[in-house]
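The sequence shown begins at 1 in full-length UniProt numbering and counts up by one.
Just to be clear, a hint being listed does not mean it is correct.
[Stated by the list, open to error] When the alpha-carbon atoms are kept at most 27 Å apart in a straight line, the in silico DSS-like pairs for lysine-lysine are as follows:
(1) K405 to K263
(2) K48 to K310
(3) K91 to K263
(4) K91 to K148
(5) K372 to K397
(6) K407 to K372
(7) K405 to K335
(8) K36 to K253
(9) K267 to K335
(10) K390 to K335
(11) K267 to K242
(12) K103 to K48
(13) K103 to K267
(14) K390 to K310
(15) K405 to K390
(16) K148 to K267
(17) K267 to K36
(18) K405 to K267
(19) K205 to K188
(20) K310 to K253
(21) K242 to K310
(22) K91 to K242
(23) K267 to K397
(24) K253 to K335
(25) K103 to K91
(26) K372 to K148
(27) K48 to K267
(28) K263 to K242
[To be verified] Have a look at the derived ranges for each label pair, beta carbon to beta carbon:
(29) L62 to E337: 15 to 23 Å
(30) I391 to Y251: 50 to 58 Å
(31) E225 to G76: 25 to 33 Å
(32) A382 to D252: 49 to 57 Å
(33) D252 to E291: 23 to 31 Å
(34) P386 to Q189: 32 to 40 Å
Quick caveat, the hints were computed from the structure, so don't treat them as lab data. The structure presented is a predicted model; accordingly, all values stated were derived computationally and were not measured. For each residue, glycine too, the CB sits at the ideal point set by N, CA and C.
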Amino acid sequence: METINRSYSPNMVDEYQKFIRRMNPPRVVIDNESCKNATVIQVDSANKHGILLEVVQVLTDLNFIVTKAYISSDGGWFMDVFNVTDSEGNKITDEEILDYIQKVLGSDSSFTKSVGVTSSTDRTVIELIGTDRPGLLSEVCAVLTHLKCNVLNAEVWTHNTRAAFIVQVTDDESGLAVSDHERLSIIKQMLCNVLEGSNKAREAKTVVSNGGTHTERRLHQMMLEDRDFERDSCSSFVEMPKPDVNVVNWYDKDCSVVTIRCKDRPKLLFDIICTLTDMEYVVIHGHVDAEGPEAYQEYCIRHVDGSHVKSEAERQRMVQCIEAAIERRVSEGLKLELCTTDRIGLLSDVTRIFRENSLTVTRAEVATRGGKAVNTFYVRDASGYPVDSKIIDYIRKEIGQTMLKVKCNPQDSNQSPQESPTRFLFGGLFKSKSFCNFGLVRSNS
1 METINRSYSP NMVDEYQKFI RRMNPPRVVI DNESCKNATV IQVDSANKHG ILLEVVQVLT
61 DLNFIVTKAY ISSDGGWFMD VFNVTDSEGN KITDEEILDY IQKVLGSDSS FTKSVGVTSS
121 TDRTVIELIG TDRPGLLSEV CAVLTHLKCN VLNAEVWTHN TRAAFIVQVT DDESGLAVSD
181 HERLSIIKQM LCNVLEGSNK AREAKTVVSN GGTHTERRLH QMMLEDRDFE RDSCSSFVEM
241 PKPDVNVVNW YDKDCSVVTI RCKDRPKLLF DIICTLTDME YVVIHGHVDA EGPEAYQEYC
301 IRHVDGSHVK SEAERQRMVQ CIEAAIERRV SEGLKLELCT TDRIGLLSDV TRIFRENSLT
361 VTRAEVATRG GKAVNTFYVR DASGYPVDSK IIDYIRKEIG QTMLKVKCNP QDSNQSPQES
421 PTRFLFGGLF KSKSFCNFGL VRSNS
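Between the sequences and the hints, there should be enough to build the whole structure, so can you do that?
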């Protein structure tokens, strides 16, 4: 008798999941009527690991502010409801944007692998991570300029003595991606030498590619892999107050509950969901309330293998990783905005002036739009003291008063005492009255 091979392969499972998604395409409902001060966006879809992050990533990339959210992804179905506004606190009324949301998140989309990823066939993407120090960004920019690379876009994060960069460059002469393998090898080696500096205790890494990447998503992954959540006792700067993060097991439901209270800011939800996803946890249910200056988030989670948090060491690691995810984007120091006609070597010149005046960059966002350089820098005194206003005045004269503007004063580190983390434990979960007539029952139609 002929033997029938009944073994299953991962490809068969993947095809089955695709079939389920085709039979149950995502459904998006956008409501501007039921809530007085926010647009309500509801997304229903077949469930899969990572889908929550993909939806949050779409909203974040549109610079929406999430004031409330309800999350449910238990079993084979996924449902999210978000109250969102634009950066000015207004409802989303632009029809083009609303159509885009429907297209990207709705049944016509294939957003599961492409959200926020910019095609970079015309540019080279460089990923760097190493020990932070004053003047590091200036040195990296100087090397790229010396190697005849023009910086189109870049984002720099620093946290807990570590620095991560994602830089998109082109060849100065051709304006295209750097394609010569020998030259790419030289770029990689020289940047790695800069990152290593005098610190051999922590490894520096440089990756050069022409592939697409979602910058902020990748920065979180890089810093998590680099274990920036491990506190460095050698840091010379005063630590900012930690977010209030609590993790407990809910044995009746065989899951763990994570509660987070901290000062609210844009992209906070994205940062936390990024880390939970990268640590391979699944959010079963969740509640987010960020209508005031302080944000409260509560999640019921399980590991992808279905287990809750199993040990004290795992619990502590989760707390540390979530704290780090929140802190990476907290920008200490003065916010400086540079807007001028782009030219080769501009970033190198500006960061050199910062370094020569004893300023260190704690975070940076560099972009080129229509021939204009639109750059944001967060700077502080390299010695840890408050930035001297006379130095800023001098730098502005050096670069150009109209081109470099001071956008804010150093952040006030004084925060109001936080309430007990147990006050809201389980309290916010499933509170439909916290939303504006969401209509959370999914229709079968």
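Please work out if K91 and K263 have their alpha carbons no farther apart than 27 Å.
Holds. K91 to K263 sits at ~22 Å (cutoff 27 Å).
Are the Cα positions of K36 and K253 separated by 27 Å at most?
violated (35 Å)
For K267 and K397, compute the direct alpha-carbon distance and say whether it is at most 27 Å.
violated (33 Å)
What's the verdict on K407 and K372, does the C-alpha distance respect the 27 Å limit or exceed it?
holds (19 Å)
Taken at face value, is the distance from the CA of K397 to the CA of K372 at most 27 Å?
holds (20 Å)
With 15 to 23 Å as the target window, see if L62 and E337 comply at their CB atoms.
holds (21 Å)
So does D252 sit 23 to 31 Å from E291, Cβ to Cβ?
holds (30 Å)
Straight-line Cα separation of K405 and K267 no greater than 27 Å?
holds (24 Å)
Between K48 and K310, is the straight-line Cα distance small enough, at 27 Å or below?
holds (23 Å)
Note whether the CB distance of E225 and G76 lies within 25 to 33 Å or breaks it.
Taking Cβ atoms as reference, E225 and G76 lie about 31 Å apart, which means the hint holds.
Does K188 sit within 27 Å of K205, going by the straight-line distance between their CA atoms?
Roughly 9 Å between the alpha carbons, so the hint for K205 and K188 holds.
Is the Cα-Cα distance between K267 and K335 27 Å or less?
Holds: K267 and K335 sit about 18 Å apart, inside 27 Å.
In terms of the numbered hints stated before, the structure departs from hints 4, 8, 14, 16, 22, 23, 24, listed from lowest to highest.
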